[in-house]
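**Q** Here is what each chain is made of, one letter per residue.
There are 2 protein chains.
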Amino acid sequence: VILYDYFRSSASYRVRIALALKGLAWDAVPIHLLHGGGEQHGEAFRAINPARAVPVLQLADGTLLTQSLAIIEYLDECHPTPPLLPADAVGRARVRALAQIIASDLHPLNNLRVLTYLGQICGLDADKRRDWYQHWTLAGLEAFEVLLARNGSTGRFCHGDMPTLADCCLVPQLFNARRFECPLDHLPIIGRIATECEALPAFISARPELQPGAD
Amino acid sequence: VILYDYFRSSASYRVRIALALKGLAWDAVPIHLLHGGGEQHGEAFRAINPARAVPVLQLADGTLLTQSLAIIEYLDECHPTPPLLPADAVGRARVRALAQIIASDLHPLNNLRVLTYLGQICGLDADKRRDWYQHWTLAGLEAFEVLLARNGSTGRFCHGDMPTLADCCLVPQLFNARRFECPLDHLPIIGRIATECEALPAFISARPELQPGAD
Chain L
1 VILYDYFRSS
11 ASYRVRIALA
21 LKGLAWDAVP
31 IHLLHGGGEQ
41 HGEAFRAINP
51 ARAVPVLQLA
61 DGTLLTQSLA
71 IIEYLDECHP
81 TPPLLPADAV
91 GRARVRALAQ
101 IIASDLHPLN
111 NLRVLTYLGQ
121 ICGLDADKRR
131 DWYQHWTLAG
141 LEAFEVLLAR
151 NGSTGRFCHG
161 DMPTLADCCL
171 VPQLFNARRF
181 ECPLDHLPII
191 GRIATECEAL
201 PAFISARPEL
211 QPGAD
Chain X
1 VILYDYFRSS
11 ASYRVRIALA
21 LKGLAWDAVP
31 IHLLHGGGEQ
41 HGEAFRAINP
51 ARAVPVLQLA
61 DGTLLTQSLA
71 IIEYLDECHP
81 TPPLLPADAV
91 GRARVRALAQ
101 IIASDLHPLN
111 NLRVLTYLGQ
121 ICGLDADKRR
131 DWYQHWTLAG
141 LEAFEVLLAR
151 NGSTGRFCHG
161 DMPTLADCCL
171 VPQLFNARRF
181 ECPLDHLPII
191 GRIATECEAL
201 PAFISARPEL
211 QPGAD
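Chains as they are written, first to last, in the numbering used here: chain L, 1 to 215; chain X, 1 to 215.
The hints are simulated quantities; they were obtained by calculation from the structure and are not laboratory data.
Any given hint might turn out to be false.
Sample of chain X residues facing chain L (criterion: CB under 7 Å; computed from the structure) [said to hold, decoys possible]:
1. 34
2. 70
3. 74
Every residue gets a Cβ at the ideal spot worked out from N, C-alpha and C, and that includes glycine.
Next comes chain L alone, as it looks inside the complex (with noise of 0.2 Å):
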């Protein structure tokens, strides 16, 4: 398969852990989101994406799946093992929706198209940009650290003492997090998990600064 990629996008970053999980490989295309005013916007990747986001997954066949979570259910429903959603419905809807917490609430508001529209059409500085992303990004980990402390499926990793969809989601955003400067000591259940999962070999070969195109 061929990942789009950018090393820094924490939703591509999400499906690099996802395939080293399954133990797949793949060829990385870098579309690099900042060279030449954000090489997703030139008419050839527009062509791959029309929405001008990574991550972008072709499959043998040529087939584009678009989306980080859905080409990671993609990948669970395709190559099983490792499971990446538990084999019980109220535990898979759990993972998804701390997954979405993720995807849904928090890393929308503070990515690069949205921090750029902030400072360059609205004219926020960069003091209240950096308001901005620490107030989206506290009000999404808050309530995840919530969710792990009221219920006992929490384990090892966010749902039992397996990774899962959720911690795929989780240990990017806390990359894209720590490179804002946004305080984390106060989650306690989040930063033990990620310690739990930055020491696997899937989650070290999926960092940004590992990857083709990193600079």
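Please build the complex by placing chain X on the supplied structure of chain L, with the hints as guidance.
**A** Showing chain X alone in chain L's frame:
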């Protein structure tokens, strides 16, 4: 089941459509997002969902499910007829990606909490908030239209000839876009599919103005 609901929330609206398509009855508990500074911020509701958001689905045993797409996937797994996802993995990935364009790329930028923050904290006036709203709505819906146009699986509905998770997300977002007077005439496939959906009893019964607590 009990649905913690707000009539105008497009995330709640998605779940109401899915419940109605499945032929399931639900008891609505309205959580008014504006009254008294927002009932979602009160201690009682934060114990139900620390993310302070609707919808929440409470099962007969008290289990609380959050995040609209996770709830709909749960409903689809436990009540498989009629299916809201295609039978094949690539089709499921496509429908989930369409749903996530709305649930992850578009809606999170344009919901009440974000528009409130832009006005109260960032000091954006009504014109600039409308520009913001339209910018992200059109970015998302224009990509959605291209993905519908370029794929032979688009049928009477977003994917084939039965409503799926993608249609459950599209119709509430269009309701929202019309409310904010966003131009949509240049999106003919979306318009045609919305007309198909809006004629179905399940989509009609889920309409915001027909819910308890609508004002």
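**Q** Hint by hint, note whether the structure agrees.
**A** Evaluation of the provided hints:
1. 34: This interface hint is violated because 18 Å lies over the 7 Å limit.
2. 70: Holds, about 4 Å.
3. 74: Because about 4 Å separates residue 74 (chain X) from the closest Cβ in chain L, which is inside the 7 Å limit, the hint holds.
Figure legend: structure checked against the earlier numbered hints; the only hint not met is number 1.
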